[in-house]
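Undergrad: Sequence:
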Amino acid sequence: MEKEPPIKRYRREEEKDQKSSESDEEYVPYVPVKDRKKQQLMKLGRLTQLKDELAAQKGKSSSENELDEEDDEGQVWGRKSNISLLDQHTELKKMAEAKKESAMERQLKEEEKILESVAEKKALMGVAELAKGIQYADPIKTSWRAPRCILNLSEQRHDRVRQKLRILVEGEEVPPPLKSFREMKFPRGILAGLEEKGIVKPTPIQVQGIPTVLSGRDMIGIAFTGSGKTLVFVLPILMFCLEQETRLPFMMNEGPYGLIICPSRELAKQTFDIINHYSKSLQKHRAPEIRSCLAIGGIPVSESLEVINRGVHIMVATPGRLMDMLDKKMVRLDVCRYLCMDEADRMIDMGFEEDVRTIFSFFKGQRQTLLFSATMPKKIQNFARSALVKPVTINVGRAGAASMNVIQEVEYVKQEAKIVYLLECLQKTTPPVLIFAEKKQDVDAIHEYLLLKGVEAVAIHGGKDQEERSRSVEAFRKGQKDVLVATDVASKGLDFANVQHVINYDMPDDVENYVHRIGRTGRSGKTGIATTFINKANDESVLLDLKHLLMEAKQKVPPFLAELQSENEKYLDLGDERGCSYCGGLGHRITDCPKLEAIQNKQASNIGRRDYLASNAADY
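UniProt numbering applies: residue 1 is where the sequence shown begins, and numbers increase by one.
Derived by calculation from the structure, the hints in this document are not laboratory data.
Note that the structure is a prediction, hence the values are computed from the model and not measured.
Don't take each hint at face value.
[Stated by the list, open to error] Ranges between beta-carbon positions, derived for each pair:
1) Gln565 with Ile299: 49 to 55 angstroms
2) Leu153 with Pro249: 37 to 43 angstroms
3) Lys556 with Glu438: 52 to 58 angstroms
4) Asp273 with Asn538: 32 to 38 angstroms
5) Glu155 with Asn498: 36 to 42 angstroms
6) Arg310 with Asn538: 34 to 40 angstroms
7) Pro558 with Leu153: 47 to 53 angstroms
8) Asn276 with Arg166: 29 to 35 angstroms
The beta-carbon is built from N, C-alpha and C at its ideal position, and this holds for glycine as well.
Hey, can you work out the whole structure from these sequences and the hints?
TA: Next up, the structure:
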């Protein structure tokens, strides 16, 4: 019997058979396109089971079918057929706000940690007081009382006066505001001196500040430049010294009773001249002589000692010269009961903190302490409170805000074109004009250029001797010269009459210095102009601070500044805290504060050197 030939199989059929056997084992049913889309959306977390499946579980009717999903936080997502799109949008907006708030909370917590880490651990008190644990519970008592008619008025009335004048006060038992110098019970001599200067009624800081100081309270005074802060501490000290001299005249080598510390020589000289003006006015009205002395670098110590030997009531000094005289026992603070630090934050920033702490150690009893400045961030305020007894904080406007009487103009000028463009800027107003520059060599270059162009100009900076500095300032003050070119040595507290225009040849590295500079104009209620040159060489963080400062003062923001955006723009205004809580800049938060970073880098690079903070003090 013959064998049947094998049946020939084609490869295609074999493949078909193989596929069919595989498909039998792994059979995947067909899924419609609609269902596949639903499954895909479910995986993305935007769509889950249909409402009828939920209704079966929760006992709801299938007529309420809706496509939605609950996430881990219990929030419903997806399409809701029975809720309008507008309502859904509102709901989503609320959720976004809630998440934003939590992000802000995280930011605030982070900032608090940074502020705590950089907070000064040592109190701003004398070494002896800290060592002995001496703490004063009550402020110094004085014989001054506000008029009975004012004291009888309600606290609501006082609050209305403060609110009208935009005065913010913090502290216990704040004395009432007084709206005239007569209500402050000043003698005829001081009232006559005020009339000579054309001062008719007190400014907001004086309305609240003078009664506070006369009451013997410790005080932190913050007000914009040109608001009359100097009189707040000068007039009360004259009253106290007058009272002391009337009761028991000062003997030889006795005193001072009051000490005023200023960061720069020029500011100390200006304060000394103001005190002399009112002292002479008192003498004209048959009051006892109030002797004051000036202790600053650049003038002979013998001049100060001459007054001290006769018995001195008031001493105005810079920290360096005062420290030297205290160390050499030329002067004692045994009877000193009144201490004022003008531009206090600048003094601490400039590295005089240890000097101030040492000066505090020379006091033999409780003193009334006053701190004044236009720019005093929270960091300095908290630090300063450690030396004060139940302090009253008086704030007229935001700390670090620019004066509203100054028109701020910011112009983009290339580095090489700056000095030539100065002449054009000088045409904006009539003299006198102030020009500020960061570097001493720039001041000298500008001064020389202006003299070559026939402009009557003088210049001051830390490299010039004191006699030349004093001569230049006096010539400018008396109107003999039209332009004063200076470094920041002239930006702190100096008062020049009728300065209509301030030119910033370069934008300072610190926005606080900018506020002090432009504050030399627009003083005592007058208006002024400030022109600032900026270009690509400026640090972006400073320009951001400048941008927000212009916006706050409702000034025109140039396009090249308006284009700048910070990464944390949304966090610039968190609750009561605006901008940076360390330096007060409005264009950044403490998490990216360039000033804090610079200080930390400086401290790290100067570990082991005792004098590392004094490097900024060369100009003063």
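Undergrad: Next, verify each hint and record whether it holds.
TA: Here's how the hints hold up against the structure:
| no. | hint | verdict |
| --- | --- | --- |
| 1 | Gln565 with Ile299: 49 to 55 angstroms | holds (50 angstroms) |
| 2 | Leu153 with Pro249: 37 to 43 angstroms | holds (38 angstroms) |
| 3 | Lys556 with Glu438: 52 to 58 angstroms | violated (25 angstroms) |
| 4 | Asp273 with Asn538: 32 to 38 angstroms | holds (36 angstroms) |
| 5 | Glu155 with Asn498: 36 to 42 angstroms | holds (41 angstroms) |
| 6 | Arg310 with Asn538: 34 to 40 angstroms | violated (52 angstroms) |
| 7 | Pro558 with Leu153: 47 to 53 angstroms | holds (48 angstroms) |
| 8 | Asn276 with Arg166: 29 to 35 angstroms | holds (33 angstroms) |
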